[in-house]
Amino acid sequence: MGDKLKMFLILKTMFLHIAKIIENFFMSYKFNSQTPVLLQGTALGLLTVFIPLSIFILESEREFKDLDKFVILGKIINPGIFVGGIILSFVSPLLWHEEMVLFNYIVIISSLVGDSLLLYLLKRLYSWIKRDKFEYRYSYLKTLNNAKDGILETCWRSVWKNDLEEIYERKFIEIFVEKIEHFIAGKQYDSAYYIIKIFSDEIEKRNIFVVITLGLKSFIKIHYGIWQLIRQGKRKSNKKIDLSNIPPQLYPYLIEVLKKLRDLSLKDKGDGLYSGDWWNSYCTEFETLFKEDIKDEEYTSELLDLIFKDFFEKFEENPHDIDIPKEWKVTINNLKNSNIKARTIWECFKKWAWNKINRPRLNNDFSLDYCLPMIFCEGQHTSCKLDLMALWEFISIGLYLEKRVPLRDIIKSLWPYPTSGFTDIFYNPIPEEERIKKSAQLASELFGNIFQTSKLEEHLKQLEKIPPEDRNKNYTIVVTTIKNLLKFIEKT
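Residues in the sequence shown are numbered from 285 upward in steps of one, following the working numbering.
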């Protein structure tokens, strides 16, 4: 009501002054010395409300304070219109001359035009107060195309530092992605770098599901485009591509965004439950792109390596029941079909597994209970056709032999499957012998020549030479594991 009352008083004052001017003209049939004073008084009345109201609005905005200052000064209070209104309203009455009747008409019209401009801006300020401010914010952000003046960086930082409702988050993400794509298409790599950096710095405040569903594909495509440029630019035969205008930090920041989204998709929702949906959406966006848009196997392998290189360390901090697309699973069919995704994830898992074997053991280590079915089982625990404990023992022995660790040292340092009890609570209808057989066949596919029959038989002979007093629990596990491999793998 206060704003409406102010607007009413402004209009009333302006029309009273106009009425007085008209009265002076028609009643006396000539202008008098009070007319320019009345003209300036009308403008002064408008400014008396306009300036305090502008200051109040600029100082009162808190949530998007920096962005709103630029929106108000750029979209609401147009500096050109404001200056024009001031000049016409205050300067033109100074040109008043008693003897120049026709010229005075021009002075009056000019002054009234200036008053109209000020009134127009006052109306826009009023609309800012009453209307949805987000529409103005969206519109202004779409116009920002230059990172060098600092406005683009300030405005986007003002957006991302806030916790947003989903409806607003979605629109900001859409505009943000459009701007990045616009910058990349126009080779404005500096501008793209700046807004990606700001987004990365504040990414933990974002609605992760919205970012994944609306932004992840674009981030991957942009990453792929930059990857192609860098690869082509490094070729000596290709001198047409100039990499000097691509900030060296752009590519690492794109990777950082993808990794941060990965980590956030694995986080606890906050209610004690883990969001498998977030992780599933994250993986689905990748796989959809691999099927539809990105056919380059070299890039696919490199990207998955970047995502999974330290994935297991992150996952180990908070292991829980999640899955990956079947095309990424380390299965015999995928390996025999030269599936680059499965091979890449196996290499990442293998590095993590070796590091795990060679570091101190942790109490309540449940990570294998979740990692093994996620990576190797076509279904989850209850439908897994593999014996996970046997598979881990095959992998452990394979890693030791691959690293050329002597058999005596293997017996001393073997890492058996941690007995958490987790895997035992699931009923699996597939007979144990069948599951061990499939696990042995998969291990044989994974380690190839290392698990050749002749080599395994030679290892057994060496183990038999170890004196009984030097044999321990690990000795039995190693012997049983090698015998199971010999029993179940296809002999070559």
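The set of hints was computed from the structure by calculation and includes no laboratory data.
Note that the Cβ used here is the ideal one computed from N, Cα and C, for glycine as well.
Worth double-checking, as some hints may not be accurate.
Straight-line alpha carbon distances no greater than 20 Å define the calculated SDA-like cross-link-like pairs of lysine to any residue that follow [said to hold, decoys possible]:
1. K749 <-> N733
2. K610 <-> E569
3. K417 <-> E347
4. K501 <-> L542
5. K598 <-> S484
6. K543 <-> D561
7. K349 <-> V397
8. K463 <-> G499
9. K620 <-> E581
10. K696 <-> K610
11. K696 <-> E686
12. K543 <-> S484
13. K579 <-> D561
14. K543 <-> Y508
15. K749 <-> I761
16. K432 <-> K489
17. K687 <-> K669
18. K696 <-> D607
19. K455 <-> E347
20. K471 <-> I514
21. K463 <-> S484
22. K426 <-> Y452
23. K455 <-> T438
24. K610 <-> D561
25. K463 <-> L428
26. K463 <-> I487
27. K669 <-> N639
28. K551 <-> T497
29. K696 <-> K620
30. K669 <-> Q746
31. K445 <-> E569
32. K463 <-> D433
33. K501 <-> K432
34. K669 <-> D607
35. K489 <-> E576
36. K359 <-> R415
37. K432 <-> K417
Cβ-Cβ distance ranges computed for the label pairs, FRET-style [what the hints assert, rightly or not]:
38. K610 <-> K426: 34 to 44 Å
39. N429 <-> I514: 18 to 28 Å
40. K757 <-> N621: 31 to 41 Å
Hinted pair K749 and I761, Cα distance within 20 Å: holds, 16 Å
CB of K610 to CB of K426, is that within 34 to 44 Å? Check passed, 41 Å falls within 34 to 44 Å.
Tell me if the straight-line CA distance from K620 to E581 falls inside 20 Å. holds, 16 Å
For the pair supplied as a hint, K551 and T497, confirm whether the alpha-carbon distance does not exceed 20 Å. Judged against 20 Å, a Cα distance of about 17 Å means the pair holds.
For the pair supplied as a hint, K749 and N733, confirm whether the alpha-carbon distance does not exceed 20 Å. violated, 24 Å
Given the hinted pair K455 and E347, is their alpha-carbon gap at most 20 Å? holds, 17 Å
Is the hinted pair K598 and S484 satisfied, with a Cα-Cα distance of at most 20 Å? holds, 18 Å
Could you grab the alpha-carbon distance between K463 and L428 and see if it respects the 20 Å cut-off? Holds. K463 to L428 sits at ~9 Å (cutoff 20 Å).
Is the hinted pair K455 and T438 satisfied, with a Cα-Cα distance of at most 20 Å? Roughly 18 Å between the alpha carbons, so the hint for K455 and T438 holds.
Restraint check for K696 with D607, where alpha carbons must lie at most 20 Å apart: violated, 34 Å
For the pair supplied as a hint, K696 and K620, confirm whether the alpha-carbon distance does not exceed 20 Å. Between K696 and K620 the Cα gap is close to 34 Å, so the pair fails against 20 Å, i.e. violated.
Holds or violated: K501 to L542, with C-alpha atoms at most 20 Å apart: holds, 10 Å
Violation of the numbered hints given earlier is confined to hints 1, 7, 10, 13, 16, 17, 18, 27, 29, 30, 31, 33, 35 and 37; the remaining hints are satisfied by the structure.
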